[in-house]
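Engineer: Residue numbers (our numbering): 3 to 102.
Everything labelled a hint here was simulated from the structure, so no lab data went into it.
Glycine included, each C-beta is placed from N, C-alpha and C at the ideal position.
Misleading hints may appear alongside valid ones.
[Said to hold, decoys possible] Cβ-Cβ distance ranges computed for the label pairs, FRET-style:
id : residue 1 : residue 2 : range
1  : 59        : 84        : 33 to 41 angstroms
2  : 84        : 56        : 25 to 33 angstroms
3  : 78        : 54        : 31 to 39 angstroms
4  : 26        : 91        : 29 to 37 angstroms
5  : 10        : 72        : 14 to 22 angstroms
6  : 84        : 24        : 14 to 22 angstroms
7  : 60        : 84        : 32 to 40 angstroms
8  : 23        : 85        : 24 to 32 angstroms
9  : 25        : 69        : 29 to 37 angstroms
10 : 92        : 25        : 30 to 38 angstroms
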Amino acid sequence: MDLTAKSDFEHQLNIVRSFQKGKATYVEDYRYALFYLSFTTGLFTKADYSSTIGYETRSDFKKDMKAWQDWYKKNKCEFNQNYIDSVLREHKNSMSTHRH
């Protein structure tokens, strides 16, 4: 198990949790946390993080958190910094090639 990757994953979960609890959170950090969690797991968030941010309902928030945590439990043995870097790099590259 890659402890750095585990710590980073948990940190991103905590950013989303803190925001939902109304704690002061930088918008950029919140958006990045949703991006990170969505693209490393392949489980895309129900939260809005464009012009408005946050979840419309508490149940959407709980569903996302449970899905991400379940994914992590199943994949933590293979989950490491190389995996994270490759997934995020692939997504960033695909976004830059799809711009018009």
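Engineer: If a hint holds in the structure, say so; if it doesn't, say that too.
Structural biologist: Here is what the structure says about each hint:
1. Taken as a hint, the range 33 to 41 angstroms holds for the pair residue 59 and residue 84, whose Cβ atoms sit roughly 36 angstroms apart.
2. Between residue 84 and residue 56 the C-beta distance comes to about 32 angstroms, which sits within the given range of 25 to 33 angstroms.
3. Distance hint for residue 78 and residue 54: a CB-CB separation of about 33 angstroms, consistent with the stated range 31 to 39 angstroms.
4. Look at residue 26 against residue 91: about 31 angstroms separates their beta carbons, and that is inside 29 to 37 angstroms.
5. In this structure the supplied range 14 to 22 angstroms holds for residue 10 paired with residue 72, their Cβ-Cβ distance being about 18 angstroms.
6. Remark: the range hint 14 to 22 angstroms for residue 84 to residue 24 is contradicted by a beta-carbon distance near 36 angstroms.
7. Separated by about 35 angstroms at the C-beta atoms, residue 60 and residue 84 satisfy the suggested range of 32 to 40 angstroms.
8. At roughly 29 angstroms, the beta-carbon separation of residue 23 and residue 85 lies within the given 24 to 32 angstroms, and the hint holds.
9. Roughly 22 angstroms separates the CB atoms of residue 25 and residue 69, a value that falls outside the hinted 29 to 37 angstroms.
10. Judged by the Cβ atoms, the range 30 to 38 angstroms given for residue 92 and residue 25 holds: they are separated by roughly 32 angstroms.
Of the numbered hints listed earlier, those contradicted by the structure are 6, 9.
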